[in-house]
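Novice: The primary structure of each chain is shown beneath.
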Amino acid sequence: GEDVEQSLFLSVREGDSSVINCTYTDSSSTYLYWYKQEPGAGLQLLTYIFSNMDMKQDQRLTVLLNKKDKHLSLRIADTQTGDSAIYFCAESTFGNEKLTFGTGTRLTIIP
Amino acid sequence: DAGITQSPRHKVTETGTPVTLRCHQTENHRYMYWYRQDPGHGLRLIHYSYGVKDTDKGEVSDGYSVSRSKTEDFLLTLESATSSQTSVYFCAITQTGLGDEAFFGQGTRLTVV
Numbered sequence: 428g429e430d431v432e433q434s435l436f437l438s439v440r441e442g443d444s445s446v447i448n449c450t451y452t453d454s455s456s457t458y459l460y461w462y463k464q465e466p467g468a469g470l471q472l473l474t475y476i477f478s479n480m481d482m483k484q485d486q487r488l489t490v491l492l493n494k495k496d497k498h499l500s501l502r503i504a505d506t507q508t509g510d511s512a513i514y515f516c517a518e519s520t521f522g523n524e525k526l527t528f529g530t531g532t533r534l535t536i537i538p
Numbered sequence: 003d004a005g006i007t008q009s010p011r012h013k014v015t016e017t018g019t020p021v022t023l024r025c026h027q028t029e030n031h032r033y034m035y036w037y038r039q040d041p042g043h044g045l046r047l048i049h050y051s052y053g054v055k056d057t058d059k060g061e062v063s064d065g066y067s068v069s070r071s072k073t074e075d076f077l078l079t080l081e082s083a084t085s086s087q088t089s090v091y092f093c094a095i096t097q098t099g100l101g102d103e104a105f106f107g108q109g110t111r112l113t114v115v
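These protein sequence lines map, in sequence, to chains A and B.
Counting in the working numbering, the first sequence runs without a single skipped number right up to 538 at its last residue.
Counting in the working numbering, the second sequence runs without a single skipped number right up to 115 at its last residue.
To be clear, the hints were calculated from the coordinates, so they are not data collected in a lab.
None of these values were measured; they are calculated from a predicted model.
Quick reminder that beta carbons are idealized off the backbone N, C-alpha and C, glycines included.
One should not assume that every hint holds.
[Unchecked claim] Subject to a maximum C-alpha distance of 25 Å in a straight line, what follows is the list of computed DMTMM-like cross-link-like pairs (lysine to aspartate or glutamate):
#1 K13(B) to E465(A)
#2 K497(A) to E432(A)
#3 K463(A) to D453(A)
#4 K59(B) to D430(A)
#5 K59(B) to D453(A)
#6 K483(A) to E432(A)
#7 K463(A) to D40(B)
[Claimed, not checked] Chain B residues, not near chain A, derived (Cβ > 10 Å throughout):
#8 K13
#9 T15
#10 R24
#11 H43
#12 R46
#13 G60
#14 R70
#15 T73
#16 E74
#17 S86
#18 T113
With the hints as extra help, turn the sequences into a complete structure.
Specialist: So this is what it looks like as structure tokens:
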């Protein structure tokens with residue numbers, strides 16, 4: 428079955444860039460997503476990338492996809508205290524419409 | 003914000019009792035999902051629905067059942083609650099199930115004592 432792995436924790440100084448990594452096993456993954464969860468809340472979609480792309484940029488967010496290595500990353504430029512949250516990567520596959528999530532990475536910002 | 007509400011938001015129940023969690027949406031989205039969130043495991047899919055009366059199992063479906071008799075409601079039932087089912091449960095909805103945004107409810111914190 429599908430498996431999506433992430434590191435559990437990341438600490439970054441305010442103003443630096445954060446890079447959150449994710450690996451997945453399903454080579455037929457069609458869409459890959461990044462979701463953000465703030466304390467006590469549900470998840471919100473940050474961005475997603477189609478599997479035929481290798482990069483997507485949206486303001487401070489850059490998503491890189493290495494399909495050969497099944498590796499996805501999210502870079503947050505100029506990290507701010509409001510970026511403190513848990514970040515989940517997720518994948519879905521054409522013909523199998525269920526979202527599979529990773530373990531989540533808790534991002535902590537150091538002042 | 004997407005119209006999706008979960009009830010109850012918090013519940014404490016005893017081992018062996020049945021529990022039903024409700025997810026209600028006003029978006030007329032086709033797909034509805036139930037996940038549980040546990041530390042170190044992320045979100046794991048319990049069951050999902052791709053239409054009225056159409057449901058399928060996720061990766062952790064044992065001990066859970068679901069029903070969807072109307073587009074707007076998706077019920078998750080724990081037939082006989084166990085302590086291992088203590089968790090935070092999230093409902094999510096999507097329009098097409100692929101490549102579009104999943105909207106999440108606020109979550110239900112369930113404690114089985």
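Novice: Next, verify each hint and record whether it holds.
Specialist: Against the structure, the hints:
{"no.": "1", "hint": "K13(B) to E465(A)", "verdict": "holds, 21 Å"}
{"no.": "2", "hint": "K497(A) to E432(A)", "verdict": "holds, 11 Å"}
{"no.": "3", "hint": "K463(A) to D453(A)", "verdict": "holds, 22 Å"}
{"no.": "4", "hint": "K59(B) to D430(A)", "verdict": "holds, 16 Å"}
{"no.": "5", "hint": "K59(B) to D453(A)", "verdict": "holds, 18 Å"}
{"no.": "6", "hint": "K483(A) to E432(A)", "verdict": "holds, 21 Å"}
{"no.": "7", "hint": "K463(A) to D40(B)", "verdict": "holds, 16 Å"}
{"no.": "8", "hint": "K13", "verdict": "holds, 16 Å"}
{"no.": "9", "hint": "T15", "verdict": "holds, 21 Å"}
{"no.": "10", "hint": "R24", "verdict": "holds, 15 Å"}
{"no.": "11", "hint": "H43", "verdict": "violated, 6 Å"}
{"no.": "12", "hint": "R46", "verdict": "violated, 8 Å"}
{"no.": "13", "hint": "G60", "verdict": "violated, 7 Å"}
{"no.": "14", "hint": "R70", "verdict": "holds, 15 Å"}
{"no.": "15", "hint": "T73", "verdict": "holds, 16 Å"}
{"no.": "16", "hint": "E74", "verdict": "holds, 18 Å"}
{"no.": "17", "hint": "S86", "verdict": "holds, 18 Å"}
{"no.": "18", "hint": "T113", "verdict": "holds, 16 Å"}
Of the numbered hints given earlier, the model fails hints 11, 12 and 13; all others are met.
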